[in-house]
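Student: For this one, chain A is given, so just place chain B on it according to the hints.
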Amino acid sequence: MGDPRMASCRKDAEGPGAWRAPLLHQRREVGDAFPSVHLIAEDGTTLDSPDHAGVRDRGASAGWPRGMAPGRFAPVVILGRVPYYGYGACRKRGVTCRLGEWKVDGRSAGRIAGERRPMVKAMRRIGHLGLLAAAALALGCAFDLTDVKYQSARLDPAAGPETAFIVAEDAPIHGAPCGYSRSLRKGSRWFAVGRLPEGVVYRSRDQTLTVECSNVFEAYLVVSEGRLVGFYLPVEKGFSPLSEPIPLAVSRQP
Amino acid sequence: MKCIRVLAALLLAIGLSACAGGMKYAEFQPKMPDQSTDVGRIFFYRPSALGAAVRPDVMLNDVKVGEAISHGFFYIDRQPGEYQVATSTEVTRKLSFVLERGQTRYVRFSISLGFFVGHVYGELVEPDVGLKEIQGCKYTGAP
Numbered sequence: 000m001g002d003p004r005m006a007s008c009r010k011d012a013e014g015p016g017a018w019r020a021p022l023l024h025q026r027r028e029v030g031d032a033f034p035s036v037h038l039i040a041e042d043g044t045t046l047d048s049p050d051h052a053g054v055r056d057r058g059a060s061a062g063w064p065r066g067m068a069p070g071r072f073a074p075v076v077i078l079g080r081v082p083y084y085g086y087g088a089c090r091k092r093g094v095t096c097r098l099g100e101w102k103v104d105g106r107s108a109g110r111i112a113g114e115r116r117p118m119v120k121a122m123r124r125i126g127h128l129g130l131l132a133a134a135a136l137a138l139g140c141a142f143d144l145t146d147v148k149y150q151s152a153r154l155d156p157a158a159g160p161e162t163a164f165i166v167a168e169d170a171p172i173h174g175a176p177c178g179y180s181r182s183l184r185k186g187s188r189w190f191a192v193g194r195l196p197e198g199v200v201y202r203s204r205d206q207t208l209t210v211e212c213s214n215v216f217e218a219y220l221v222v223s224e225g226r227l228v229g230f231y232l233p234v235e236k237g238f239s240p241l242s243e244p245i246p247l248a249v250s251r252q253p
Numbered sequence: 000m001k002c003i004r005v006l007a008a009l010l011l012a013i014g015l016s017a018c019a020g021g022m023k024y025a026e027f028q029p030k031m032p033d034q035s036t037d038v039g040r041i042f043f044y045r046p047s048a049l050g051a052a053v054r055p056d057v058m059l060n061d062v063k064v065g066e067a068i069s070h071g072f073f074y075i076d077r078q079p080g081e082y083q084v085a086t087s088t089e090v091t092r093k094l095s096f097v098l099e100r101g102q103t104r105y106v107r108f109s110i111s112l113g114f115f116v117g118h119v120y121g122e123l124v125e126p127d128v129g130l131k132e133i134q135g136c137k138y139t140g141a142p
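Residue numbers (numbering that gives the first Met the number 0), protein chains in the order written: chain A, 0 to 253; chain B, 0 to 142.
Bound-form chain A, shown alone (with noise of 0.2 Å):
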């Protein structure tokens, strides 16, 4: 057998308003007054038992055990039961039910803090799902609402002199579009196929080339006075700027 109080509070535990805080447990005789349980609200309001405290011995449900006789001494346990009042229900009985302090026969026997019903608990568990469910959904939205920007470009087949040329060293490209690092890898040819009015258009064989947001197009180099400004996109054909024009270092191919 474990202490009887703690058996008390588990099995108490189980309903609802539980009992809780183990006030007192002691011997007393029977027939001297019952000890007077009260909870003094933080706000020094005081709330009489039975709804705020309970007084139990072992095997009576509150006062002095039946068919004892006075004189005799019998065994008190005195639970303090902490309030499962929400903010609103206390508010609604003009206490504060946060935080309070049980006075047995006057004397203090601890504070206690009080508790939420268990479906308010729930119910605000509930609440921050919602919130982090919302913000999720709020984040996968998102997942469609970024694309690559471009604007339409006609492309003119008529490249010019600038027929080809060959990368010559692995060139890192900073600032395409959603972030996603691109590189032209060295060595890798690129031919001319035409013209736009921001530069020349470059394809390669030997590397694919991609730009991508939530969506991926096959690209197309666009050069300008040995700066990469941008990406031609055939299949939508439209031009997709650069935010800062990148130097390349290639050699000319005839």
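Derived by calculation from the structure, the hints in this document are not laboratory data.
Take these hints with a grain of salt, some might be off.
What the hints assert, rightly or not - Lysine-lysine pairs mimicking DSSO-like chemistry, simulated, CA-CA at most 30 Å apart:
#: 1; chain 1: B; residue 1: 131; chain 2: A; residue 2: 185
#: 2; chain 1: B; residue 1: 93; chain 2: A; residue 2: 236
#: 3; chain 1: B; residue 1: 63; chain 2: B; residue 2: 131
Tutor: Quick look at chain B alone, frame taken from chain A:
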């Protein structure tokens, strides 16, 4: 504990059944018809088992050409031109590219996080990368 084991076994079974079953690329490759010089060939493959239960249809220019099945691959021959590959779960992801005569292109499917369902998306990969990754995949056939 027992429930957890049963659940784990169930999930494993679902996961395995969602993966591709068929000939591996190395076995299948000799049986593949030679590519005509007039057309281009597109390989579609999904090398990862992640999100195997999600296997969306693969649409090529709005026509279903197969399914993106984990550890699976299939291929199609098409006339040169512009193509758009789309896969839909809770959102539609698209990939566009140009196919040339005699060219072979590799489209790899991966999965990213979604809200209710993962998003399967296609990427155009280099032929050497595609050829290497497709080796572990099994042929899932034409639709």
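Student: Hint by hint, say whether it matches the structure.
Tutor: Taking the hints in turn, this is what the structure says about them:
{"no.": "1", "hint": "B:131 / A:185", "result": "21 Å, holds"}
{"no.": "2", "hint": "B:93 / A:236", "result": "16 Å, holds"}
{"no.": "3", "hint": "B:63 / B:131", "result": "26 Å, holds"}
Going through the hint list in order, the structure satisfies each hint without exception.
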